[in-house]
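Engineer: For what it's worth, my numbering labels the leading residue of the sequence shown as 1, then goes sequentially.
Treat the hints loosely; a few may be bogus.
Pair ranges (Cβ atoms, derived) [unchecked claim]: (1) Glu54 x Glu17: 32 to 42 Å; (2) Asn77 x Asp3: 29 to 39 Å; (3) Tyr57 x Asn77: 15 to 25 Å; (4) His65 x Phe32: 24 to 34 Å.
Subject to a maximum C-alpha distance of 27 Å in a straight line, what follows is the list of computed DSSO-like cross-link-like pairs (lysine-lysine) [claimed, not checked]: (5) Lys21 x Lys92; (6) Lys42 x Lys117; (7) Lys21 x Lys117; (8) Lys92 x Lys46; (9) Lys117 x Lys46; (10) Lys46 x Lys21; (11) Lys21 x Lys42.
To be clear, the hints were calculated from the coordinates, so they are not data collected in a lab.
Even glycine gets a Cβ: it sits at the ideal position worked out from N, Cα and C.
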Amino acid sequence: AVDSGHWNLWPDFFIDECVYKLQARENHERGFPLATLSLTSKGMLKDRVYGISETIYHDPYYQRHVVGAPIVRQVVNGRIHSEANYAVFRTKLDQESTVFNVGRYIDTIVHTAEGLKFAERLCVFDSEMIPNSIIYPI
Numbered sequence: 001a002v003d004s005g006h007w008n009l010w011p012d013f014f015i016d017e018c019v020y021k022l023q024a025r026e027n028h029e030r031g032f033p034l035a036t037l038s039l040t041s042k043g044m045l046k047d048r049v050y051g052i053s054e055t056i057y058h059d060p061y062y063q064r065h066v067v068g069a070p071i072v073r074q075v076v077n078g079r080i081h082s083e084a085n086y087a088v089f090r091t092k093l094d095q096e097s098t099v100f101n102v103g104r105y106i107d108t109i110v111h112t113a114e115g116l117k118f119a120e121r122l123c124v125f126d127s128e129m130i131p132n133s134i135i136y137p138i
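Please model the entire structure based on the sequences and the hints provided.
Structural biologist: If you want it as structure tokens, here you go:
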């Protein structure tokens, strides 16, 4: 959904009471709460989608995610705790593709009537420097 630009499908991968954060590795490892983006419900994810598709003006670009095989760290009370490395590439229409964001996903996944869904997705990026705008989900 994210790479194809079908933003309206993205929130459906999450439960209603979810967490989606984009956070620097340094802050995550030190236990600091500061995050570049922090959404704490499916409603907030939907608001982000509305912003992306209806209100935010920016030069158009494409994102492409390359995600490594996930590692299941533990399963506790039906909640799957996993991690996977990721790299996001960005292509602007008149420029070469560039590495946009690299890090790891730290996920908590739960069983629902509709299948597996994210209860929490932390996108912990490695670099201290990020572009001045992150529009689309990482």
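Engineer: Confirm or reject each hint.
Structural biologist: Results for each hint:
In this structure the supplied range 32 to 42 Å is violated for Glu54 paired with Glu17, their Cβ-Cβ distance being about 25 Å. Taking the beta carbon of each, Asn77 and Asp3 are about 32 Å apart, inside 29 to 39 Å as hinted. Hint check: Tyr57 to Asn77, Cβ distance near 44 Å, so the stated range 15 to 25 Å is violated. In this structure the hint that His65 and Phe32 lie 24 to 34 Å apart at CB holds, the actual value being about 26 Å.
For the suggested pair Lys21 and Lys92, the alpha carbons sit about 25 Å apart, so the restraint of at most 27 Å is met. In summary, the hint linking Lys42 to Lys117 is supported, as the alpha carbons are separated by about 11 Å, within the 27 Å threshold. As the CA atoms of Lys21 and Lys117 are separated by approximately 16 Å, the hinted pair is consistent with the 27 Å bound. Of the supplied pair hints, the one linking Lys92 and Lys46 holds, its CA atoms being roughly 25 Å apart against a limit of 27 Å.
Restraint check for Lys117 and Lys46: the C-alpha separation of about 16 Å stays at or below 27 Å, so the hint holds. Taking the CA atoms of Lys46 and Lys21, the gap is near 14 Å; set against the 27 Å cutoff, the hint holds. As the CA atoms of Lys21 and Lys42 are separated by approximately 12 Å, the hinted pair is consistent with the 27 Å bound.
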